[in-house]
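S.K.: Going down the list, the protein sequences come from chains A and B.
Here our numbering is used: the first residue of the first sequence is 55, the next is one more, and so on.
Here our numbering is used: the first residue of the second sequence is 12, the next is one more, and so on.
In short, the hints are calculated from the structure, not lab data.
Just so you know, not all the hints are guaranteed correct.
To be verified - Chain A residues, not near chain B, derived (Cβ > 12 angstroms throughout):
(1) R104
(2) G117
(3) G276
(4) D297
(5) V317
(6) R323
Stated by the list, open to error - Covered stretches of chain B, as calculated for chain A (at least 3 residues, CB under 8 angstroms):
(7) 145 to 157
(8) 201 to 207
As the list claims (entries may be wrong) - Simulated restraints on C-beta separations:
(9) R275/A to I24/B: 38 to 44 angstroms
(10) S243/A to M50/B: 50 to 56 angstroms
(11) S194/B to S286/A: 38 to 44 angstroms
Source: prediction; values computed, not measured.
Where a beta carbon is used, it is the ideal one built from N, C-alpha and C, also for glycine.
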Amino acid sequence: MKWFRTKPIGAAPPTPSPITTGQVDATNVKPVPPAAIQFLNVIYHYPDGRKALNGMEFTIEAGECVALVGPNGAGKSTLLLHLNGILPERGKGRATHSHGTTEHASSTGEVWIDGLHVNAANAPEVRRRVGLVFQDPDDQLFSPTILEDVAFGPLNLGLKPAQARALAMQCLERVNLAAEADRPPQHLSFGARKRACLAGVLACDPSILALDEPTANLDPRGRRRFIDLIRSLSATKLIATHDLDMVVELCPRTILIDQGRVVAGGPTRQILADEPLLSAHGLEVPLSLILESRTAL
Amino acid sequence: MGLEAWAGFPHRIDSRWLLLGCLTFVIAVVLTPLGAWNMLGGQAVVLAFVLGIFRVDSSKLTRRYLALCPLLILLGFLLGLSHPGRSSLGPLGVALAIIARNSLALLAVLSLGLVYPAVTLIQALRRLGCPPVVVTTLHFMHRYAHVLSDERDRMLVASQARSFGRRRSLWSRWSMLGNLLGSLCLRAMERGERVHTAMISRGWDGTIRSLADAEETP
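Taking the hints into account, I'd like the entire structure generated from these sequences.
M.R.: In structure tokens, the structure reads:
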């Protein structure tokens, strides 16, 4: 499998980004910071042979907030799991018996995070840098109390329990859940559980936040609160969602994917106002843009 | 010390002591010879006294006990038919003695679960030196029992919503229950995979660490 060919920590990505053009004096050029996220021709097959990612290729710069949109089954969640190397690693050792045959997941291509090649050797550092917020908070909140759960990441990073506790409390205060610290996750509302998930990820101090359907199943107040929280974070953000109104509000850039490939990418308002493009890929123009265009008329 | 100071005293006892006390009581009950009714009676009095001190909710305790009672009775009668003690006490005597012993042990354990929340008891196990992997497994069982029972309820409601009030035969009901349990097992497995993914993404390397470690080290 190509995925886990060893590259040293900090090795340069194969293509520099952003690309500079024209005549420049090399001595006066500041070193170009690596892209926050870079996918290079990533192909991923599920163990049953289905192709989930089919030559996925894009770049996201540090500090950007980018939306990842597409119909169900487009490969959004699979893509997010590639950000910290979970899926290729899991697929490597997995065997599924189907009709008497043994099948393995397979993955090719390269993913780079902050200039680090995502591979088995770099996985711990990459996982510290990428904070993944899952769609279902019950998947992410597995500890007996919210405080224990938020402290899970810092403890794994090697912090002493007292330091991890203090950091977890800070993060809970940030998401307005300090008063619920000692409560079991199942006793919190869905919105509060979502915020607790975010606190758990923030406690690892990631430079990149990947959010899978952050507003799914939230009531309007919970949704608004969560959107404001996401907006207040300075990390690079990649948001996989069907909530296109939130995309208009939060993300200046949008990547549209379908059948495991990037179909279109560019300024959010341009992509999401393109009705034929959206309808060809199972999406609709968001209501906020429709209302805006009617008001302008 | 005034009466007010004593009022909350039982609940201030370290959960570890109560856990050890419960374990001792269960061992003592199990070791009681069959037919030693006086001794069992004495143990019942001790248990009733402790339940009174801790003000255990008797209706909750009875409900939980009755839910497990059929299992106790079945076990008692199955053992009663083959136990060596049946020559002196008779199969019925042995069965009743086993049911009485098991009932006392079960009531003690159920009461412990009513006095302390499950999380406290699991932490007490950890502080008593129980292996971290066992403690973590218990935590996970407790955490996800709620999630799975919610899923089961949703599946039951969905199934009832499509039965249109038709009375099903016993075979059909058992078949439906089998399908439901099968789906629940598959969902639990998928959930387990997703939880494992979430753990790995926050740096889990197989070592179980807890905030409780700080409180235990002097």
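S.K.: Decide, hint by hint, whether the structure agrees.
M.R.: Verification of the supplied hints:
no.	hint	result
1	R104	holds, 16 angstroms
2	G117	holds, 22 angstroms
3	G276	holds, 19 angstroms
4	D297	holds, 21 angstroms
5	V317	holds, 27 angstroms
6	R323	holds, 32 angstroms
7	145 to 157	holds (count 6)
8	201 to 207	holds (count 3)
9	R275/A to I24/B: 38 to 44 angstroms	holds, 43 angstroms
10	S243/A to M50/B: 50 to 56 angstroms	holds, 51 angstroms
11	S194/B to S286/A: 38 to 44 angstroms	holds, 41 angstroms
In terms of the numbered hints stated before, the structure departs from none.
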